[in-house]
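Same order as they appear, the protein sequences are chains V and Z. Position one of the first sequence corresponds to residue 1 (the working numbering), numbered consecutively onward. Position one of the second sequence corresponds to residue 1 (the working numbering), numbered consecutively onward.
Where hints are given, some of them may not hold.
Chain V is nowhere near these chain Z residues, computed Cβ spacing over 10 Å in every case [as the list claims (entries may be wrong)]:
hint : residue
1    : Gln35
2    : Gln37
3    : Arg64
4    : Asp73
5    : Pro282
6    : Ala311
7    : Ser317
8    : Arg350
9    : Lys387
10   : Ser415
11   : Lys418
If we take Cβ atoms under 7 Å as the criterion, some of the chain Z residues that face chain V in the derived model are [as the list claims (entries may be wrong)]:
hint : residue
12   : Met1
13   : Pro14
14   : Ala15
15   : Thr23
16   : Tyr33
17   : Asp36
18   : Arg50
19   : Arg78
20   : Tyr181
21   : Asp296
22   : Cys299
23   : Val300
24   : Arg301
25   : Pro303
26   : Asp306
27   : Asp433
With a cut-off of at most 25 Å between alpha-carbon atoms, the simulated DSS-like pairs for lysine-lysine come out as follows [unchecked claim]:
hint : chain 1 : residue 1 : chain 2 : residue 2
28   : V       : Lys533    : Z       : Lys39
29   : V       : Lys301    : Z       : Lys39
30   : Z       : Lys53     : Z       : Lys39
31   : Z       : Lys53     : V       : Lys301
For the record, the hints were derived by calculation from the structure and aren't laboratory data. Backbone N, C-alpha and C define an ideal beta-carbon position, used for all residues, glycine too.
Next come the chains, spelled out residue by residue.
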Amino acid sequence: MILGIDVGGTHTDAVAVDLGSGRIAAACKVPTDHEDLLSSIVAALTDILGQVDKASVSQLNLSTTLATNAIVQGKTEDVGLLVSAGPGIDPDNYMLCRDYHVLPGAIDHRGFETRRLDPGELDRAVAACRGHGCRVFAAVGKFSVRNPVHENAIRRQVNKSGPADFVTAGHELGGRLNFPRRIATAYFNCAVWRLYNTFADAVHEALDRLGLGHVAVNVLKADGGTSPFVLSRRLPVQSIFSGPAASVMGIIALCDINFDSIILDIGGTTTDIAVFASGAPLVEHDGIHIGSHPTLVRALKVRSIGIGGDSAVYVIGDLVRVGPNRLGPCLAAGGRHPTLTDALNCIGACAHGDVQASQQGLAAFAQERSLSREALAQKAVDFAARAIKDEVRDLVREINERPVYTIHELLEGQRIVPRKIYIMGGPAQAMRQAVFQAFSLSVEVPGEAAVANAVGAALTRITRGIELFADTEKGAMFIPALGHRENVPRTYGLKDAERDIKNQLLGHLAELGAPADASAFQITQASCFNMVKDAALSGKNIRVKCQITPGVVRTLRR
Amino acid sequence: MLKAGKRLGVVFFPAYDWSISPTHPEREERLLYTQDQLKEEGLFDTEGVREYKPKVASREDVERVHFCFPDVDAVATRSHLISAGGAMTAAGLVMEGERDRAFALVRPPGHHAMKVVHGSRGFCNINIEAVMIEWVRENYGPKRIAVVDTDCHHGDGTQDIYWHDPDVLFISLHQDGRTLYPGTGFPRDCGGPKAMGRTVNIPLPPGTADEGFLMVMERVVMPILEDFKPELVINSAGQDNHFSDPITNMNFSAQGYARLSEMLKPDIAVLEGGYSIQGALPYVNLGICLAMAGLDYSCVREPQYDPKALAQEPRLSEYIKELCDLVPGVYFHPPAESPDGFEAKGWFVRHKDIFYDTDGINEAQTESLLLCDHCRGLVKYESRSSKNPPCLGLDLPIKACDRCRDMAYKILEESQIKGGYRYLQLINRKDRDYLRYGF
Ligand SMILES: [Zn+2]
Ligand SMILES: [Zn+2]
Numbered sequence: 001m002i003l004g005i006d007v008g009g010t011h012t013d014a015v016a017v018d019l020g021s022g023r024i025a026a027a028c029k030v031p032t033d034h035e036d037l038l039s040s041i042v043a044a045l046t047d048i049l050g051q052v053d054k055a056s057v058s059q060l061n062l063s064t065t066l067a068t069n070a071i072v073q074g075k076t077e078d079v080g081l082l083v084s085a086g087p088g089i090d091p092d093n094y095m096l097c098r099d100y101h102v103l104p105g106a107i108d109h110r111g112f113e114t115r116r117l118d119p120g121e122l123d124r125a126v127a128a129c130r131g132h133g134c135r136v137f138a139a140v141g142k143f144s145v146r147n148p149v150h151e152n153a154i155r156r157q158v159n160k161s162g163p164a165d166f167v168t169a170g171h172e173l174g175g176r177l178n179f180p181r182r183i184a185t186a187y188f189n190c191a192v193w194r195l196y197n198t199f200a201d202a203v204h205e206a207l208d209r210l211g212l213g214h215v216a217v218n219v220l221k222a223d224g225g226t227s228p229f230v231l232s233r234r235l236p237v238q239s240i241f242s243g244p245a246a247s248v249m250g251i252i253a254l255c256d257i258n259f260d261s262i263i264l265d266i267g268g269t270t271t272d273i274a275v276f277a278s279g280a281p282l283v284e285h286d287g288i289h290i291g292s293h294p295t296l297v298r299a300l301k302v303r304s305i306g307i308g309g310d311s312a313v314y315v316i317g318d319l320v321r322v323g324p325n326r327l328g329p330c331l332a333a334g335g336r337h338p339t340l341t342d343a344l345n346c347i348g349a350c351a352h353g354d355v356q357a358s359q360q361g362l363a364a365f366a367q368e369r370s371l372s373r374e375a376l377a378q379k380a381v382d383f384a385a386r387a388i389k390d391e392v393r394d395l396v397r398e399i400n401e402r403p404v405y406t407i408h409e410l411l412e413g414q415r416i417v418p419r420k421i422y423i424m425g426g427p428a429q430a431m432r433q434a435v436f437q438a439f440s441l442s443v444e445v446p447g448e449a450a451v452a453n454a455v456g457a458a459l460t461r462i463t464r465g466i467e468l469f470a471d472t473e474k475g476a477m478f479i480p481a482l483g484h485r486e487n488v489p490r491t492y493g494l495k496d497a498e499r500d501i502k503n504q505l506l507g508h509l510a511e512l513g514a515p516a517d518a519s520a521f522q523i524t525q526a527s528c529f530n531m532v533k534d535a536a537l538s539g540k541n542i543r544v545k546c547q548i549t550p551g552v553v554r555t556l557r558r
Numbered sequence: 001m002l003k004a005g006k007r008l009g010v011v012f013f014p015a016y017d018w019s020i021s022p023t024h025p026e027r028e029e030r031l032l033y034t035q036d037q038l039k040e041e042g043l044f045d046t047e048g049v050r051e052y053k054p055k056v057a058s059r060e061d062v063e064r065v066h067f068c069f070p071d072v073d074a075v076a077t078r079s080h081l082i083s084a085g086g087a088m089t090a091a092g093l094v095m096e097g098e099r100d101r102a103f104a105l106v107r108p109p110g111h112h113a114m115k116v117v118h119g120s121r122g123f124c125n126i127n128i129e130a131v132m133i134e135w136v137r138e139n140y141g142p143k144r145i146a147v148v149d150t151d152c153h154h155g156d157g158t159q160d161i162y163w164h165d166p167d168v169l170f171i172s173l174h175q176d177g178r179t180l181y182p183g184t185g186f187p188r189d190c191g192g193p194k195a196m197g198r199t200v201n202i203p204l205p206p207g208t209a210d211e212g213f214l215m216v217m218e219r220v221v222m223p224i225l226e227d228f229k230p231e232l233v234i235n236s237a238g239q240d241n242h243f244s245d246p247i248t249n250m251n252f253s254a255q256g257y258a259r260l261s262e263m264l265k266p267d268i269a270v271l272e273g274g275y276s277i278q279g280a281l282p283y284v285n286l287g288i289c290l291a292m293a294g295l296d297y298s299c300v301r302e303p304q305y306d307p308k309a310l311a312q313e314p315r316l317s318e319y320i321k322e323l324c325d326l327v328p329g330v331y332f333h334p335p336a337e338s339p340d341g342f343e344a345k346g347w348f349v350r351h352k353d354i355f356y357d358t359d360g361i362n363e364a365q366t367e368s369l370l371l372c373d374h375c376r377g378l379v380k381y382e383s384r385s386s387k388n389p390p391c392l393g394l395d396l397p398i399k400a401c402d403r404c405r406d407m408a409y410k411i412l413e414e415s416q417i418k419g420g421y422r423y424l425q426l427i428n429r430k431d432r433d434y435l436r437y438g439f
């Protein structure tokens, strides 16, 4: 039995899924208490444990807004942020916090140290941070994913002056190139570390109390996978913005998606749009923004548009619009201003709450604007469907226009052509006909969509993406995320790199007590360049990326 | 957060699956470290800076410019069409107002490709700037355009294509042809009889450093541009003037290139050569991108930059100063007669022997300009090479007069009847009539 809990903005949803039968054994919904997330989780667990035997529970997957909230509310900790920048864009642009120190020192794109780290400056910077009371530190170097020597030196120096509570080294966040994102990601990882770990401790205590001490805990990430709790304690930043991922993964568990498809999650005030290519969810190329700061935190490609069941209906001239504002609940739920839900009630697409209130309210609203109720309602629903369609079209175009770097990909690359739409969320069934008309594509509304997010949380598998970089002229191979560096012979090739990265990733997950399904292992990028010096081959420059593909451990049987 | 003062589009296409040969300077690895640097700097996260995918130039786009013998497919591969398409994409971004400026960071280069093409010279097959310019003119009307070529090699291909076009000002800064391929590009070469002074060559001595380049920009290039008042400024942004370039002898730096871009303010920059792929390109390309976006570039510095070792020798500074006194005259007071060629029966004729070093082809060409009082004149290219029998190309400009047009069709008809040419091609920009025979 796997439990899935999704701590959402208003509700905390929980389910228990029986892995053998693929059926939902229990489900519940409790209000989210943002001041005390743990109490919401405990309440949901208690409810579920009233329905299933705790001994049968082997795993708990948790999607929490804890780190997100901490950042949004500024409940973060001071971080000593120490960077080695080298030449390029002025690193002063990336000053994220008071204790930000740029240290002289440089690593180039090949990973050669072109300027040594200044030990005196490093000493002074660490002392200044400690003087300000910093207890967590981020060490970030430009091109540290090619050579982490400066980040490692910073970490050593920080710990020399009295052990720090926690140090994030930039290369551990992954091998992708992007120094400003590395800085921001390392900073936020440190800033929420203590809060997150305190919470993690509390979760464990609560599980012990509930008799679930034996349960393996995984945490949902924004990229549509989960991470073992023990790893997320070191990388708490990866748990932010996991909400949309829970819903998207829920759809995968509920439906058998094979084609290029669009997922619409229509909520109260927004519709989240996700894209599937040949049945697999698309991951954002770079990473999410935290506030105005781009980061390396991978996420499913999800676009939000301000249209949902509670979105207000407006009439501007001849045009009937919906959203993006919310002016309170719908008329059917006692609100004062007509919303999309009221319009759907009026055209008979659903019967939500007090249908008569919708009809009367919308009739009065329409009359004031010399319109018939039916026309107004239909126009509002059409507007919403069309707005969603336009956004989907833009998103798909953006994906298809993404830069590529080989002639082969440019001329023969795959394009996404959506063939099916899946809708979930409150107004899903009601919007079905309008969406079908707007898109002229087959539309499916999965059953049990109401708890899809918790189902997604429960059934999502552990994922991890890592990168390998090898330079046979230097005779070195490096996997930044694992801090793994080894010497390689000049004959080292792409095949060797692909084998090594697979063994390293699977070994790493096994070590964490979370062995991965090797069939979900996937090389996502592999390239090998001849390096030439003085018109002769001097070595190979090898880059490999791999991942445990986001997916679910099984689909739900209905 | 960084915010660009100018909205910059970067069309980045490194063609990671294409090379001339595995160890050739024009190989897969060429833009690898540039991409690493731009990605690591987070350039495309900067507000106002965006990366774009190139379109692919069509055969028509190439045949609007070139006489390719035997045909386009024989001289240009897909990589060349993408490279030219990348330049067109960059121009489109600017012409449509989506971006203030654009940089086509593409390979392979094109500035050694001339009007007639039998193969590859100086790693170039088709002239990507010219394909872009004529695409702009085809879609956005005739334009006054300035091309400033800052590649270390003389842009002899671009010069050849626009030799007779008074509406395209071509300025080339390059290492003196007496010391470097292709061996041309002297101040006396200043354009055909109808476009005198619209070709400006500035040969610089080996060892020229930031000081010399920037002096030429300030004293020669900028005053000429100010007078010419182009509607579009294009920079053929070759990067082989860099002090670390393996095939040239100059001392220009990333700071210098960035400052040059800041002065020139090109609407569109197009990468040309530059083969110090680790020591120069990552820094020079970053510097150019930042300068074009109106961002601070003061911290962009090559690790091996040594201001003392790269200081310009005083005697070079003296020489360049004299050059700066002399060269503006080419534009402001061009000579009365074109230096190269002779008049015969109402035509202005030049003979050219062209060597395609990359492909080892020799071409003998006669270029004849119909001297006309009403327009800049029809141009006729008679060409044969070690690869192709005699071929004929007729180039009728956009603003051609009726007499020149009639003459073009008359020659075409006579040549078909008489035979003698294996391939015939007409580029009629005036009526957009493009004809090919014998292909
Ligand atoms: Zn060059
Ligand atoms: Zn004429």
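Against the structure, the hints:
1. Gln35: violated, 7 Å
2. Gln37: violated, 6 Å
3. Arg64: The claim holds: Z/Arg64 sits with its nearest Cβ about 22 Å from chain V, beyond 10 Å.
4. Asp73: The claim holds: Z/Asp73 sits with its nearest Cβ about 15 Å from chain V, beyond 10 Å.
5. Pro282: Contrary to the label, Z/Pro282 does not stay out of reach of chain V, its closest Cβ about 6 Å off (not over 10 Å).
6. Ala311: holds, 20 Å
7. Ser317: Per Cβ check, Z/Ser317 is outside 10 Å of chain V; nearest 27 Å; holds.
8. Arg350: Z/Arg350 is indeed farther than 10 Å from all Cβ atoms of chain V, at 36 Å.
9. Lys387: holds, 25 Å
10. Ser415: holds, 37 Å
11. Lys418: Label holds. Min Cβ-Cβ 42 Å, cutoff 10 Å.
12. Met1: holds, 5 Å
13. Pro14: The hint holds - Z/Pro14 has a Cβ within 7 Å of chain V, the shortest such distance being about 5 Å.
14. Ala15: holds, 6 Å
15. Thr23: Holds - the Cβ of Z/Thr23 comes within 7 Å of chain V, reaching about 5 Å at its closest.
16. Tyr33: Holds, about 5 Å.
17. Asp36: holds, 4 Å
18. Arg50: Violated. Min distance 10 Å.
19. Arg78: With a minimum Cβ separation of about 5 Å from chain V (threshold 7 Å), the hint on Z/Arg78 holds.
20. Tyr181: violated, 16 Å
21. Asp296: holds, 6 Å
22. Cys299: holds, 5 Å
23. Val300: holds, 6 Å
24. Arg301: Where the cut-off is 7 Å and the nearest Cβ of chain V is about 4 Å from Z/Arg301, the hint holds.
25. Pro303: Since the shortest Cβ distance to chain V is 4 Å, the answer is holds.
26. Asp306: Status violated, d = 13 Å.
27. Asp433: It is violated, given that the least Cβ distance between Z/Asp433 and chain V is near 30 Å, above 7 Å.
28. V/Lys533 / Z/Lys39: holds, 24 Å
29. V/Lys301 / Z/Lys39: Distance of about 20 Å is within 25 Å: holds.
30. Z/Lys53 / Z/Lys39: Distance of about 16 Å is within 25 Å: holds.
31. Z/Lys53 / V/Lys301: With Cα atoms ~19 Å apart, Z/Lys53 and V/Lys301 stay inside 25 Å; holds.
The structure fails hints 1, 2, 5, 18, 20, 26, 27 (numbered hints given earlier, in ascending order).
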